[in-house]
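All chains should be modelled from the sequences, with the hints used to inform the complete structure.
If you're matching them up, the sequences are chains A and B in order. Taking the numbering used here, the leading residue of the first sequence gets 1, the next gets one more, and so forth. Taking the numbering used here, the leading residue of the second sequence gets 1001, the next gets one more, and so forth.
Treat the hints with care, since some could be wrong.
[Claimed, not checked] One-sided excerpt, in silico: chain B residues whose CB lies under 7 Å from chain A:
1) Y1007
2) P1011
3) A1014
4) F1017
5) L1028
6) F1029
7) I1031
8) H1033
Derived by calculation from the structure, the hints in this document are not laboratory data. A virtual CB, placed ideally from N, CA and C, is assigned to each residue, including glycine.
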Amino acid sequence: MTPGLRKLALTAHVVSSVGWLGAVAGFLALAIVGLTSRDAQMVRAAYLGMDLTGSFVIVPLCLASLLSGVVQSLGTTWGLFRHYWVVAKLVMTIPATLLLLLHMQPIGRIARVAAETTLSSADLRGPRIEVVVQAGAALLVLLAATALSVYKPRGMTRDGWRERYEQDPVSQS
Amino acid sequence: MPDLPSYPGTPRWAYVFGTIAVIVLALLFVIRHLTAGSLAGHMQ
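As structure tokens, this is what we get:
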């Protein structure tokens, strides 16, 4: 990868990842309002907003972050499976993406119910609590992924270690 | 070519991280199953 292309991929990855984190924080705020507010209009607005934010902001940013992260690691010396911190980010991001895609349907259903009827605090209590929990967990995962990217804790995988040594045995011995 | 030096092993933070990840995933799975019924009931 040329330096210019590498910086472009890095910019895309940082923007999509940080955007994803910010969008999830907003989503969590809406989920808490939707669960706790006694104002029916506010509850309806919160769930409709969550459905739109999820579909048009969070899902695209999530996929962009995953894709740009894979491109970034494969196109640089970090590699995809050479360093534990890269593997850890991948291990967090893939389930988070799958869970997000899985949860868009229930969120859409809650939004439809909220649009058609007035949700009382007892209506759909379980799924509404679940949405708050999932959004909170997603925020923690994204904060952990951001911290891993900044701190880049040491530690190479066995394959990464062997590959590095085979490429440059003198400086490693 | 000199022998491959011994692998220093997996860092401790990776084990801690993996353990926390498994616990969080298990908790999410449990919460999902505890709350899954009410949405299906409402939609019928």
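Going down the list of hints, with the structure as the test:
1. Y1007: Check passed: Cβ of Y1007(B) comes within 5 Å of chain A, closer than 7 Å.
2. P1011: Nearest chain A Cβ about 4 Å off; hint holds.
3. A1014: This hint holds: A1014(B) lies near chain A, its Cβ roughly 5 Å from the closest one there, short of 7 Å.
4. F1017: holds (5 Å)
5. L1028: Given a least distance of 6 Å, the restraint on L1028(B) holds.
6. F1029: violated (10 Å)
7. I1031: Holds: closest Cβ of chain A sits about 5 Å from I1031(B), inside 7 Å.
8. H1033: violated (10 Å)
When held up to the earlier numbered hints, the structure conflicts with 6, 8 and fits the remainder.
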